[in-house]
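The listed protein sequences correspond, in order, to chains A and B. 231 is the number of the first residue of the first sequence in my numbering; add one for each residue after it. 4 is the number of the first residue of the second sequence in my numbering; add one for each residue after it.
It is worth saying that the hints were derived from the structure and are not from the lab. Even for Gly, the Cβ is constructed at its ideal location relative to N, Cα and C. Any given hint could be a false lead.
The calculated EDC-like cross-link candidates involving lysine to aspartate or glutamate, where the alpha carbons are at most 20 Å apart (straight line), are [to be verified]:
id, chain 1, residue 1, chain 2, residue 2
1, B, LYS117, B, ASP107
2, A, LYS322, A, ASP301
3, A, LYS331, A, ASP253
4, B, LYS89, B, ASP42
5, B, LYS116, B, GLU77
6, B, LYS101, B, GLU54
7, A, LYS293, A, GLU318
8, B, LYS129, B, GLU73
9, A, LYS331, A, GLU308
10, B, LYS101, A, ASP300
11, B, LYS101, A, ASP350
12, A, LYS293, A, GLU309
13, B, LYS116, B, ASP90
14, A, LYS353, A, GLU329
15, A, LYS315, A, ASP301
16, B, LYS121, A, GLU337
17, A, LYS322, A, GLU309
18, B, LYS101, A, GLU337
19, B, LYS129, A, ASP350
20, B, LYS121, B, GLU86
21, B, LYS128, A, ASP350
22, B, LYS121, B, GLU110
23, B, LYS116, A, GLU308
24, B, LYS101, A, GLU309
Take a look, some chain A residues computed to stay more than 12 Å from chain B by CB distance [claimed, not checked]:
id, residue
25, PHE275
26, VAL276
27, GLU309
28, LEU323
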Amino acid sequence: MRRRRRLRFYSQPDGLILNSLVDIALALVIGFIVSIPLFFESGIFVNAPSVAEGGASDVSDIKVNIHLLDDGGILLNEEFVTYEKLNELLPKLLARSIERKVIISTESNVQYQRVINILDLAKQYGAGELALLRIRK
Amino acid sequence: MKRMQNINILPMACVGLMLVLMMMVIAPLLMTHTQTPVDVPRAHTAETKTEENITVTYTIDSRLLVNDVEISPEQLMSAVSSELEKDPYQLVVIRADKGVLHRDVLEILANVKKCGAKRIACATKKSEE
């Protein structure tokens, strides 16, 4: 009698058990949500070069002008610095600046990756605005 | 006792989930134009914005493409202007190879700005370091 009851309990087919499939699908969705930003490109917003009419300002702000040289040298506010020194000085300058604006100019044969590295560094240290300067032809 | 008959919604949920998954994969591909292989520079701090944009691609062999259509440098301004006519606030993404000279990228940036672009971004990839 006992055996028959147990058999009946196990032999009742109640359709496919899809719970595990739903679990896997949900895990896949979460996995995709997390991984999609890693696969796609992101970007750094920049101000394109332009010439604006200069107006006199009452408040003087600390400027962060970075000039990249062809030979790998870096000028920070017209003074030679190494990349490590720039790492050290940039946050201090930006902390004292109101606008937190970083202006980057380069010599003619500087590689794009170097400029992005500097833009990236400035952004890491909280630069509010990034501008790229161009010499007018 | 009569057994209650429920509607089995699990297959529908599965199909729904699969559709969501497919949409998530396909939507960014349709909105962005990144079919041309370019080794974009690496950066730590990058903002991810998956929105419809105008993509200006500049390859290491100096090819210029707007939305994956190859153009000559002289055609750049007209191509970007015609795209910006639809929406002046559309994001313009500059996808330049990390090995190109910065002055070439600046030239492109300046031309894009002349076309009236209000939002410009340089494409980067998240640095793994």
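Hints versus structure:
Between the alpha carbons of B/LYS117 and B/ASP107 the distance comes to roughly 15 Å, so the proposed pair stays at or under 20 Å and holds. Proximity of A/LYS322 to A/ASP301 is assessed by CA-CA distance (about 26 Å); at most 20 Å being required, the pair is judged violated. A threshold of 20 Å between alpha carbons decides the hint, and for A/LYS331 with A/ASP253 the separation of about 49 Å lies outside it, so the pair is violated. Using a Cα cut-off of 20 Å, the hinted pair B/LYS89 and B/ASP42 is violated, with the two alpha carbons roughly 29 Å apart.
Simply put, B/LYS116 and B/GLU77 have alpha-carbon atoms about 15 Å apart, close enough for the 20 Å limit, and the pair holds. Taken as a hint, the B/LYS101 and B/GLU54 pair is broken in the structure, with Cα atoms around 23 Å apart against an allowance of 20 Å. The suggested pairing of A/LYS293 with A/GLU318 holds, with an alpha-carbon distance near 16 Å, which does not exceed 20 Å. Between B/LYS129 and B/GLU73 the alpha-carbon distance is near 26 Å, which puts this suggested pair outside the 20 Å criterion.
For the suggested pair A/LYS331 and A/GLU308, the alpha carbons sit about 16 Å apart, so the restraint of at most 20 Å is met. A threshold of 20 Å between alpha carbons decides the hint, and for B/LYS101 with A/ASP300 the separation of about 16 Å falls inside it, so the pair holds. This hinted pair checks out: B/LYS101 and A/ASP350 have alpha carbons roughly 14 Å apart, not beyond 20 Å. With a C-alpha separation of about 13 Å, the suggested pairing of A/LYS293 with A/GLU309 holds against the 20 Å cut-off.
A threshold of 20 Å between alpha carbons decides the hint, and for B/LYS116 with B/ASP90 the separation of about 15 Å falls inside it, so the pair holds. Proposed proximity of A/LYS353 and A/GLU329 is supported: the alpha carbons are some 13 Å apart, at most 20 Å. With a C-alpha separation of about 17 Å, the suggested pair A/LYS315 and A/ASP301 falls inside the 20 Å cut-off, and the hint holds. As the CA atoms of B/LYS121 and A/GLU337 are separated by approximately 26 Å, the hinted pair breaks the 20 Å bound.
Distance check on the hinted pair: A/LYS322 and A/GLU309 sit about 16 Å apart at the alpha-carbon level, within 20 Å; holds. Of the supplied pair hints, the one linking B/LYS101 and A/GLU337 holds, its CA atoms being roughly 16 Å apart against a limit of 20 Å. Restraint check for B/LYS129 and A/ASP350: the C-alpha separation of about 11 Å stays at or below 20 Å, so the hint holds. Between the alpha carbons of B/LYS121 and B/GLU86 the distance comes to roughly 13 Å, so the proposed pair stays at or under 20 Å and holds.
Of the pairs offered as hints, the one joining B/LYS128 and A/ASP350 holds, with about 11 Å between alpha carbons and a cut-off of 20 Å not exceeded. Distance hint between B/LYS121 and B/GLU110 is fulfilled; the C-alpha atoms sit about 16 Å from each other, no more than 20 Å. For the hint pairing B/LYS116 with A/GLU308, the CA-to-CA distance comes to about 28 Å; that exceeds 20 Å, so the pair is violated. A hinted pair counts as satisfied when its Cα atoms are at most 20 Å apart, and B/LYS101 with A/GLU309 does not qualify at roughly 27 Å.
Not every beta carbon of chain B lies more than 12 Å from that of A/PHE275, the smallest distance being close to 5 Å; the non-interface claim is violated. Not every C-beta of chain B lies more than 12 Å from that of A/VAL276, the closest at about 6 Å, which undercuts listing it as non-interface. The beta carbon of A/GLU309 is kept farther than 12 Å from every beta carbon of chain B, the shortest such distance being approximately 21 Å. With a least beta-carbon separation of about 17 Å from chain B, A/LEU323 lies farther than 12 Å from that chain, consistent with its non-interface assignment.
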